Amino acid sequence: MLNRLSFKAKLLLGYGLILSLMLIVTLVVFFSVRSLVNNMNWVNHTHKVLTKASAIEAAAVDMETGMRGYLLAGKEEFLEPYNGGNQRFESLIDELSKTVSDNPAQVALLKETKETIQQWKSNVTEPIIQLRREIGDGKTMNDMSEVIKQAKGKQFFDQFRAQMNTFIEREDVLLKQRQQRANSSYDLNEIRELNDWVEHTIKVIAKARSLVSAAVNMETGMRGFLLAGQDEFLAPYNDGKKEFYALIKELSNTVSDNPAQVKLLLESKNTIDNWISQVVEQQISLRRDIGDAKTMDDMADLVGQAKGKVYFDKFRGQIETFKGRETVLMEQRMGALSSTESLVINSSIFGTLLAIVIGLFIALKLTRHVVHLLGGEPTYIAKMAKTVSEG
12 MLNRLSFKAK
22 LLLGYGLILS
32 LMLIVTLVVF
42 FSVRSLVNNM
52 NWVNHTHKVL
62 TKASAIEAAA
72 VDMETGMRGY
82 LLAGKEEFLE
92 PYNGGNQRFE
102 SLIDELSKTV
112 SDNPAQVALL
122 KETKETIQQW
132 KSNVTEPIIQ
142 LRREIGDGKT
152 MNDMSEVIKQ
162 AKGKQFFDQF
172 RAQMNTFIER
182 EDVLLKQRQQ
192 RANSSYDLNE
202 IRELNDWVEH
212 TIKVIAKARS
222 LVSAAVNMET
232 GMRGFLLAGQ
242 DEFLAPYNDG
252 KKEFYALIKE
262 LSNTVSDNPA
272 QVKLLLESKN
282 TIDNWISQVV
292 EQQISLRRDI
302 GDAKTMDDMA
312 DLVGQAKGKV
322 YFDKFRGQIE
332 TFKGRETVLM
342 EQRMGALSST
352 ESLVINSSIF
362 GTLLAIVIGL
372 FIALKLTRHV
382 VHLLGGEPTY
392 IAKMAKTVSE
402 G
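FYI, the numbering used here numbers position 382 of the sequence shown as 393, with every residue one higher than the one before it.
Source of the hints: derived by calculation from the structure; they are not laboratory data. Here the structure is a predicted model, which means the values were calculated and not measured. Treat the hints with care, since some could be wrong.
Below are the DSS-like pairs computed for lysine-lysine, each with C-alpha atoms no more than 30 Å apart in a straight line [as the list claims (entries may be wrong)]:
id	residue 1	residue 2
1	LYS280	LYS260
2	LYS187	LYS132
3	LYS252	LYS218
4	LYS274	LYS63
5	LYS59	LYS187
Model the full structure from these sequences, guided by the hints.
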């Protein structure tokens, strides 16, 4: 077949085959890189879903601790975390339902979660807040109520929340910068490095939110104990305290490359240390001294029944189920990401090697064919021509 083609056609065919192979390798690498970026986006999507789920849990815990603060002090300003948490909860649930709209099981679970909190509000928080309003300053644990009204704990917690908000905002700026660079890059090594940084930043933000949640759990448990006087209500305080100090150490190591963030975490830790020593320990000690002597009988009895705990245990279980499902999805997507990365690397290496081997083969075949057509090497032919011309 080659013998029927002109010399020019044979050369063009050979080079065309080599260039076609290089084009195929380029296309395979291009679409593999796009697939890699797509898988990265799904992994990041799952991280964001988990972060929002933790934010929903934190909003509900804010509601609980705000409600308990009001029951203790009877001042409307203590309901601010309750009202703010309620608004965030409603907004985040709706937002997250849209984010996971491609997953009916998760949407259904979020609907059940929302109903749990609505039942908690209608059956526990709203009646008990109304009861506290009716009690007013009538039947109070006078010593305890006066201490709570000083709002020392609120001052520390406002400062702590501001510090953690600053920490999260800084990380959020880094996250957006890294995501933009990853989306506009076609360099495989840079994409992989940026993806690692994006994932690192998302995990830092999630841990920071968990840190806030642990601190709020401490506050909620402490206020529950101050109301009911039963040690079992201190469980969230003790568990939250362990989690807080473990997370602050872990997070400081994670952001050790960022001195400003490490410094801010140290300041946050000092804020909570001061809150524990100057507020929590003193109020818990005072509550133990009070015992059952001076109590808001109706209020203490109602809190002691732990009706709200039933709803909150159910709520926490639902959120954990939701996060568990998303974690499974994330593991699957991380596996897909790893497979795509391997495909990109293998396509680049073996595709290029194959193109080189086939290119060399075609070049050798063409060279032999040209030499055959000419009747020998160009130098040999030139020598023969010179000999003939000289006679």
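Okay, the hints, checked on the actual structure:
1. LYS280 x LYS260: With a Cα-Cα distance of about 10 Å, the restraint between LYS280 and LYS260 holds, given a limit of 30 Å.
2. LYS187 x LYS132: With a Cα-Cα distance of about 37 Å, the restraint between LYS187 and LYS132 is violated, given a limit of 30 Å.
3. LYS252 x LYS218: 15 Å, holds
4. LYS274 x LYS63: 26 Å, holds
5. LYS59 x LYS187: 13 Å, holds
In terms of the numbered hints stated before, the structure departs from hint 2 and from no other.
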